[in-house]
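Student: Top to bottom, those sequences are chains Z and R.
FYI, the numbering used here numbers position 56 of the first sequence as 56, with every residue one higher than the one before it.
FYI, the numbering used here numbers position 13 of the second sequence as 13, with every residue one higher than the one before it.
One thing to keep in mind: the hints can contain errors.
Remember, identical chains collapse to one label, so a pair may be satisfied in a single copy or spanning two.
[Stated by the list, open to error] In the SDA-like style, the derived pairs of lysine to any residue whose C-alpha atoms are separated by at most 20 Å in a straight line are:
(1) K175 to V51
(2) K175 to R242
(3) K175 to Q91
(4) K175 to H239
(5) K175 to D119
No lab work stands behind these hints: they were computed from the structure.
There are 2 protein chains.
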Amino acid sequence: MRLATRANGRRDGALIVVSGDGTRYLPTDGTMQSALDQWHRCEQVLRALAVRLDAGQGEPLDPETLLAPLPRAWQWLDGSAFATHGELMQQAFRLPPIETDRPLMYQGMSHRFLSGHADVALPSEADGIDFEGEFAIVTDDVPMGCSADDALGHIHLILLLNDWSLRAIAPIEMKTGFGWVQAKPACSVAPFAVTPDELGDAWRDGRVCLPLSVEVNGTWFGSPLGDAMAYGFHELIAHAARTRDLPAGTIIGSGTVSNANHAEVGSTCLSERRAIEMIEHGSPQTPFLRFGDRVAMHAGDRFGRLDQQVVRG
Amino acid sequence: MRLATRANGRRDGALIVVSGDGTRYLPTDGTMQSALDQWHRCEQVLRALAVRLDAGQGEPLDPETLLAPLPRAWQWLDGSAFATHGELMQQAFRLPPIETDRPLMYQGMSHRFLSGHADVALPSEADGIDFEGEFAIVTDDVPMGCSADDALGHIHLILLLNDWSLRAIAPIEMKTGFGWVQAKPACSVAPFAVTPDELGDAWRDGRVCLPLSVEVNGTWFGSPLGDAMAYGFHELIAHAARTRDLPAGTIIGSGTVSNANHAEVGSTCLSERRAIEMIEHGSPQTPFLRFGDRVAMHAGDRFGRLDQQVVRG
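Excised from the complex, chain Z in its bound form (with noise of 0.2 Å):
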C-alpha cells in the first residue's frame, strides 16, 4: 500500500491513498498523523481503499499537490549505520574512529519536511550545502524498552529522503559533542510513504534492500544499495526506544547511504565523494551545491521522485 498527503491548505494536509502505479489516488478523511495515532484501527479502512484502486477506481493525481507525506513529525531521529561512510570521513579527514558499541543517531528538526518538488531555500553557499540520501521508517506508538525483535511490528512506513546536511557548519557542531543544529536545515521527503509488505522482498531483516538512485543537475551521481546497515531499522528503534516512548509518527533514518563497492556504485552525498577524492588525489574535486543546483533521487517508482531546487533564502 503506499499512501501519500494531499495539500489542502492545513499544515497537515489530507491523507491519500495512491495506486500502484502512482497516477490515481483516493481521499480519506484523516491526515498520516491520525491514521498513525490508530495504526490498527486504520489500517483496514486504507487497505480497503486501495482494493478499490487496484480495481480500477479513484481521482488522477497530480504529483505538484504533494506535500512530505507527514509535512511535520513529532520526532525525527537520524541513524547513520552505514559503516563505509564513517570510515572514508575519517580516513580522509584523519579522525579517530568514534568510540561506540551502539548505533549512531542523532534528533533532528522534525517541525517540517519539505515535499519532493519544493524548493530549498537556504541562507549561503559558504555553508558547504550538500544531500544524503537516506531510507528512513515511521512508527506508530512504541513503549520505553522495546526489544529490536518487537521493533519490527511497529514499522508501519518506508520513506526516501534527502537529508539536507551544511558542512562548513557540521564538523563545527560536531566538536562540541552536542550534536547538530544549524548543520541541519529541514529534509525533503519522496511523496509516498509505503508499507513494508509494498517491497516485498526487498524489506528484509528491518533493511530496505534497493538502490537509492541520486542525480545531480542531471547527471548520475549514485546508486549504493540500502542493505548494507551495520543496524537494521528495527535495532535503530530498540536503541532510540531505551530511555524514552516513541510518539505514533517518529521518523528514524538510516544516515547517508553508502556501499564498500563506492568505485562503482557512487555515494549518496557530495561529502562522501569529497573524502574519496580526498584519499585517493589529496583533495576534494567535487565541489559542494550553488543556488540553482537540483537534486533528484529515486529508489525505482516505488517512493516516487525527489527532484528540487536549491535555491537563495
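The hints should help you fit chain R onto chain Z, whose structure is shown.
Tutor: Just chain R now, with coordinates in the frame of chain Z:
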C-alpha cells in the same frame, strides 16, 4: 500574565489563564499551541481574561489538574549558556575546553513534557539519574535569519523546567559528536508559563534574573541566579534560526543554571556538585538519584513548583 494547561482528556489539554496568586483560573477554548500559532490575535483576549481574574473572578484552581504548559511541542532546543557549569565539568573530568565561538545547543525530544507533579519513570538507576534546573522561553513563528535584536520580540512565554539527564550515558553519546538521545528523556515543566512583563525587572537583557531553587528529598540543594548566561535567550534564538525557521511553540532552554559562587549558592544538578567534589576531594561524594527520590524546583512563586518522584519505568 500567567498561563497554564489543564487536563481535559486530550493530548494538548486546554489553555487557561491563571490569577496572580495561582489560586483561580478562567478557561479558554484553545490550547497553548493554538494561542502561540496566532499570538498577536490571541494575546488581547487572554489579557482581557487576566483583567477579570485581577478583579476577583475565576474558578478555584486545583494544581493536580495541570499538565505541562506545552504537553508536547514541535521543537525543543536546549542551550548550555552558563559558563561556570562547563568550566567545572571540564576541570573535574580533565576535558579540553569545547572549541566554539558560538552558543552550545542540542535538539532534544519534544513530543512529551511532563507536568510538575508527574512521576518520572526511568528504566535504570545505573544510568546515573540526574536533574538540571533551567529557565526556558517559548517563541511564536521565527523566520530563518532572525537577528538577536528582533528575537527579543518573539519571546512570549518563560518557563521553569527540569531537564532530566542520565549521566552514565551522556559522555558516551557526547563523544560520538551526535549529541544526546538516550541520555535525555522527557523534561518536566513547572505549571505556569509567564509573559516577560510578568517578571518585571527580573526579565533583563534576555535573561531571567531570579534564583532557581532546587530541593532534593526536602533538603536545599542550590539556588543560583539565572542572569549569569553567557548568551541571552534572544541570542540563543538567533543561533537556532540561522539556517531554519522556528515554529510557534519552539522552546529554548538556558542549560543548567550555574553561578561562579557555587560554594554559597549551590548547583542545580547533581553532576555539577559531583564535579566540585572531584575537584576539591578527588572523588564525587553525592550519589545520583535512586527510585523513590524526590526533586523539587521553584523560582519564588511565579512559575509554580516542580515536585516529582523518580520511579522505575
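Student: Within a copy, between copies, both or neither: which one fits K175 and D119 at a CA-CA cutoff of 20 Å?
Tutor: neither (30 Å within a copy, 35 Å between copies)
Student: 20 Å Cα cut-off: does K175 pair with R242 within a copy, between copies, both or neither?
Tutor: between (25 Å within a copy, 19 Å between copies)
Student: First find the shortest C-alpha distance between K175 and H239 inside one copy, then the shortest across copies, and answer within, between, both or neither for a cut-off of 20 Å.
Tutor: So K175 and H239 pass the 20 Å test across copies only (17 Å; inside, 23 Å).
Student: When Cα atoms must be at most 20 Å apart, do K175 and Q91 count as within-copy, between-copy, both, or neither?
Tutor: both (17 Å within a copy, 18 Å between copies)
Student: One pair to classify: K175 and V51, alpha carbons no more than 20 Å apart. Within, between, both, or neither?
Tutor: neither (51 Å within a copy, 50 Å between copies)
Checked against the numbered hints above, the structure breaks hints 1 and 5 and satisfies the rest.
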